[in-house]
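As given, the protein sequences belong to chains A and B, one line each in that order.
So for the first sequence, this note's numbering puts the first residue at 1; every next one is plus one.
So for the second sequence, this note's numbering puts the first residue at 546; every next one is plus one.
You may find that some hints are simply not true.
So the derived label-pair ranges between C-beta atoms look like this [to be verified]:
(1) B:Arg896 - A:Val412: 21 to 29 Å
(2) A:Arg395 - B:Arg746: 55 to 63 Å
(3) B:Pro562 - A:Leu118: 30 to 38 Å
(4) A:Arg404 - B:Phe759: 43 to 51 Å
(5) B:Pro827 - A:Arg383: 45 to 53 Å
(6) A:Asp331 - B:Arg896: 51 to 59 Å
If you want a taste of the chain B side facing chain A, the calculated C-beta under 8 Å gives, among others [what the hints assert, rightly or not]:
(7) Phe772
(8) Val776
(9) Thr780
(10) Leu782
No lab work stands behind these hints: they were computed from the structure.
Here a beta-carbon is modelled for each residue, glycine too, at the ideal position from N, C-alpha and C.
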Amino acid sequence: MSIPVRDGAATAGAAIPGAASRLPDVPRLEVRRVTKRFPGCLANDCVDLVLRSGEIHALLGENGAGKSTLVKIIYGVLEADAGDLLWEGRPVRIDSPATARKLGIGMVFQHFSLFESLTVAENVALGLDGRERPAALIERIRLVSQRYGLELDPDRHVYNLSVGERQRVEIVRCLLQQPRLLVMDEPTSVLTPQEAISLFETLRRLAAEGCTILYISHKLEEIRALCDSATVLRGGRVVASVDPRTQTAQALAELMIGSSLMSPQRSPATTGAARLQVSHLSTTSDDPFATELKEVRFAVRAGEIFGIAGVAGNGQAELLAALSGEQPVSDPMMVRIDGEPVGNSGPQRRRNLGLAFVPEERLGRGAVPEMSLSDNALLSGARTQGLVRQGMIRRGRSRAFAERIIRSFNVVTHGYRAEARSLSGGNLQKFIVGREILQEPKVLVVAQPTWGVDAGAAAAIHQALIDLARQGTAVLVISQDLDELFVLCDRLAVLFQGRLSDSEPTGQTSVEQIGLLMGGLFEASIAAAAARNAALAGKETSHVV
Amino acid sequence: MSFDAWPRLEPRGEPSPAMVWLTPVIAVAATVVSGMILFTLLGFDPVATLQAYFITPVSTRYGLAELALKATPLTLCAIGLATGFRANIWNIGAEGQLTIGAICGGGVALAAWGHEGPWLLPVMMVAGVLGGMGWAAIPAWLRVRFNASEILTSLMLVYVASLLLDYLMHGPWRDPEGFNFPQSRQFGPDALLPIIVSETRLHLGSPLALVAVFSGWLLLARSFVGFQIRVIGLTPLAAGYAGFNQRRLVWITLMIGGGLSGLAGVIEVAGPIGQLTPSISPGYGFTAIIVAFLGRLHPVGILAAALLVALSYIGGEAAQISLRLPLAVTGVFQGMLLFFLLASDVLIRYRVRLGASSHRRPAPAAQGIR
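All chains should be built: construct the whole structure from the sequences, respecting the hints.
Take a look at the structure:
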């Protein structure tokens, strides 16, 4: 029989309205020399972190730097091997997320923890551990989502929601709990710039009300604009604590990766013939929540990178399925590869014609989690790389191909035998992108090339895509990350509710204009463009004069 | 009351590769131990019973041959089923495919009665394989065409097949000189599988089963079709992404399963039985499902599992005869084996911990608060 101990939750629960929060010099949360070891890796090594009340604090670091581990310790998902947590000056033991929530810690995870078969409101109710009447809760969800510009229908089932919409559920769920420390893991990756700006306003308002925000993001410009202080992790240790407002993005990135950062070089495109042509592409679906594509048309020419921006759930999944052949369309002419009509063909024929494809989901679509890297190299490279002869796998060649991918794209792994799921997200993405690029495709379709990938790996992937395009491949990038699209693409268009806007050369558009299109304001955007062109024209005239 | 002192299951970071192969051993050991308890409670000497069960039946050459004989149809069916199971194609109608294989192969033997020659046996084999494939083609077509669950269709066809066999035995194919017994003529010598070990019943079918084990391994581990089967089973979305033709794989796996089950059927009638009777199989097709999972859907594992299950059958019969063990005990024993196997599967992904959690410190928070 063990002696029952008073745990931190009960004590802290009673202590919250106490004197501590009134003293401005007592931090909201202090992390002292926290160490966490996993088999084969030291995820956190004597990490110190001080979060003051009402500050927006950035946590920076590459994938595998220990950010997630630290945050999970703070939120009670993991427990530290050593070290202490002090909540408003008092030592606490946070042994579960429920304890964390009782203390007043809320968290929006990068990977969502939602039940697919339940509605938005039911998912929120589960997170609140309360006894609120459903009708009242739905009303509160509506209020909060309106107030913070997070459009949500509480009655929809989660399995129908896009990645972006799922994240909105997570954010709303947290905000409903009126947290005193809000941890946000890459919250803006699925928002339009305008939505991000309104979220920042929300976060600033929350901070002004005294809520502390721990903000994890790879978007350094965002951190510079939003955060008051930043802690940089590398290899599980704190390497710097800086004021991000006084640092350049380049300097922050170099602190994160510990060496100088190569930014991708984009030479002007010399474009050739249209290799991927999409015309009058419309889809219908039995699923009432799917987005139907309406008369989508565009062409990607050899040598260029064409970008499609848009918030998740506006038809990206349907467009990708129609392009890859996983969901063929009725009319073959709707999709053409090098002039060859393939709309009604499956993925195999399209691959044979030179299409390569990087899907949004890495594990579970782009790679088989339980299989080795050499088997995963075989997954899409079987034909182009000659990895199969007379129906039998040429194992030596698939190993060699896997090793070539690992080498060329600096995939951090212990070899071609490693299971795909043992790789970090960024490394697996490098492997999949590398696998498709090394097949020297004529057309490459890439979805979210660097979602959740650290700055160093993202730069490498971007450079590889640019190099591939310049060798004569037509590259289509579908992404929600506008910074990425502006770095990569020669032309941009926006997908909104199944319709694609006209494309604009990247140099002749702006983040604001694309942002308006992402919000569905096609007309407003056209008007803005017209106004800008008029202004430009005026300027030119004045120059001439 | 603290739960810390209770044994707990703690998730492993990675599935333990050792446990994948160790759990069948643990399960067998647990079955033996609880079997001994069961025998003791029933008033039998546990050691003598176990000996009668597991040792005596295989202590003679004849006994070993009987073991191989019993394991042969189990192995053939299980290899075919496992190929489908790997691709999430749940053909559970091997019993029916086996029956149709026996009918087709036996039908050839009966049709050729009086005009036999050395050509007969190979033709019977081919007919049996084609018969099993044809029977499996029905669920395959229904699945591909109407997306009908092959679990239901293949199972229902088992009963159709056995009724068809009953009809043939009671009617058209009944032995005209058989005193109205519902069974066919005895096959002629050219329609029987040659015995390969003298003074036993071990016939050419057992080496064929070994060939099936090797071919199954080659298919699953080394061929591109096998790779597609594995991908579709593990991650259907990745198979769609890679463009593997799912319908084709439904057909391929059901044809392999049906063909091997049909072969098992013809081997039974051309081997130990030597004629068609209303009860060709004591449920080989269903037991093969257990064998397939016991062998981890791996051809070599299946061979071992088939031998083990065959031993439990033969040993059960032997113990019934020599010790007058009740018939139900054999079933209970097999049930325990399966139960322990499924239970110990948990150990692959979890480990058992006694006492306090390893990563939990002695509550520093409490010390600080005091």
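Do the hints match the structure? See the list:
1. Roughly 28 Å separates the CB atoms of Arg896 (chain B) and Val412 (chain A), a value that falls within the hinted 21 to 29 Å.
2. Taken as a hint, the range 55 to 63 Å is violated for the pair Arg395 (chain A) and Arg746 (chain B), whose Cβ atoms sit roughly 41 Å apart.
3. At roughly 36 Å, the beta-carbon separation of Pro562 (chain B) and Leu118 (chain A) lies within the given 30 to 38 Å, and the hint holds.
4. Against the hinted window of 43 to 51 Å, the Cβ-Cβ separation of Arg404 (chain A) and Phe759 (chain B) comes to about 32 Å, which falls outside the hint.
5. Between Pro827 (chain B) and Arg383 (chain A) the beta carbon distance is about 47 Å. The supplied range of 45 to 53 Å therefore holds.
6. Distance hint for Asp331 (chain A) and Arg896 (chain B): a CB-CB separation of about 56 Å, consistent with the stated range 51 to 59 Å.
7. Checking Phe772 (chain B) against chain A: minimum C-beta separation of about 6 Å stays under 8 Å; hint holds.
8. Checking Val776 (chain B) against chain A by beta carbon gives a least distance of about 6 Å; that is within 8 Å, so the hint holds.
9. A hinted interface residue such as Thr780 (chain B) counts as satisfied when its beta carbon comes closer than 8 Å to some beta carbon of chain A; here the least separation is about 5 Å, so the hint holds.
10. About 4 Å separates the beta-carbon of Leu782 (chain B) from the nearest beta-carbon of chain A, less than 8 Å, and the hint is met.
Comparing the model with each earlier hint shows violations of hints 2, 4; every other hint is respected.
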